[in-house]
Amino acid sequence: EWFDTPDIKNRGKVEWTSEHERSVGDFYYLAYIYHFQEEVFAEALATIPYAFVCDDHDILDGFGSYPAYLMDTPVMQNVGRLAYRFYLLFQHHTTFAEAGSLGLFPAPAGFSWLRRLGPSVAVLAIDNRSQRTEHRVVPERCWAEIWRQLDELSEEKDSAAVIKHLIVVATVPVVYPRMKLADSLMDSAASITEAFRGMFRKGPNGAYREEVLKGVGKSKVMSRLLGQFGQP
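Take -8 as the starting number for the sequence shown in this note's numbering and just add one per residue.
It should be emphasised that the hints constitute simulated quantities derived from the structure, not laboratory data.
For each residue, glycine too, the CB sits at the ideal point set by N, CA and C.
Treat the hints with care, since some could be wrong.
Said to hold, decoys possible - Label pairs and their calculated CB-CB ranges:
hint	residue 1	residue 2	range
1	Glu131	Ala35	33 to 43 Å
2	Phe18	Glu143	36 to 46 Å
3	Phe87	Arg127	21 to 31 Å
As the list claims (entries may be wrong) - Under the rule of at most 16 Å between Cα atoms (straight-line distance), these lysine to aspartate or glutamate pairs were calculated in the EDC-like manner:
hint	residue 1	residue 2
4	Lys4	Glu(-8)
5	Lys155	Asp142
6	Lys155	Glu143
7	Lys4	Asp63
8	Lys0	Asp63
Generate coordinates for the entire structure from the input sequences, incorporating the hints supplied.
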């Protein structure tokens, strides 16, 4: 019904039902059960210490980055809620109520975390999704909590355990090309001369050119990101 609503801006009128709750919950639960039982991954989880941080692929592609008239709909909000419920359950072995007491930042500061990795190294994993909008990755209140916890860590008095190195884990690249510009440049370059076309293209499908585009990010990402929800 949500996808079948012709006017995208009217999708906010689609109600979240008990059937949606059951089917979406089953989807995430069964996906985790399936993947966590794969032999190699199960062995890795059982033998390698790990700590996860969430990204859109734990929810749905691009979650948080869509316009407010999509993100604020009951359907999208509840899909995100259920995705985070099972993310916390399977990847952190916790719940919304207990997440803060088990090392994740307390709500509403997202699900970032700061942990020691030995006596002189700390790891900061930044939640780039739960508070994300079309125009903002991490809100000020989350940054404030990040800096507060970093300050607390730096002020610890144990001289034998002074933090000398901070590893920052972020699922959003520090440097990321502007996809509209990248696509435009590649399209222009491919049409200037036959030489350029020969460099970027292999056969009728333009496989070489697509590989070049993939090298700087998701090929045609700007047109495909919203396209999966029926937008241009």
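Structure-based check of all given hints:
1. The beta-carbon spacing between Glu131 and Ala35, approximately 37 Å, falls within the hinted interval of 33 to 43 Å.
2. Separated by about 39 Å at the C-beta atoms, Phe18 and Glu143 satisfy the suggested range of 36 to 46 Å.
3. Separated by about 22 Å at the C-beta atoms, Phe87 and Arg127 satisfy the suggested range of 21 to 31 Å.
4. Restraint check for Lys4 and Glu(-8): satisfied, since their Cα atoms lie roughly 10 Å apart, inside the 16 Å limit.
5. Taking the CA atoms of Lys155 and Asp142, the gap is about 14 Å. The hint holds against a cut of 16 Å.
6. Using a Cα cut-off of 16 Å, the hinted pair Lys155 and Glu143 holds, with the two alpha carbons roughly 14 Å apart.
7. For the hint linking Lys4 to Asp63, the alpha-carbon distance of about 11 Å falls within 16 Å, and the restraint holds.
8. Only pairs whose Cα atoms come within 16 Å are accepted, and Lys0 paired with Asp63 is accepted, the gap being roughly 11 Å.
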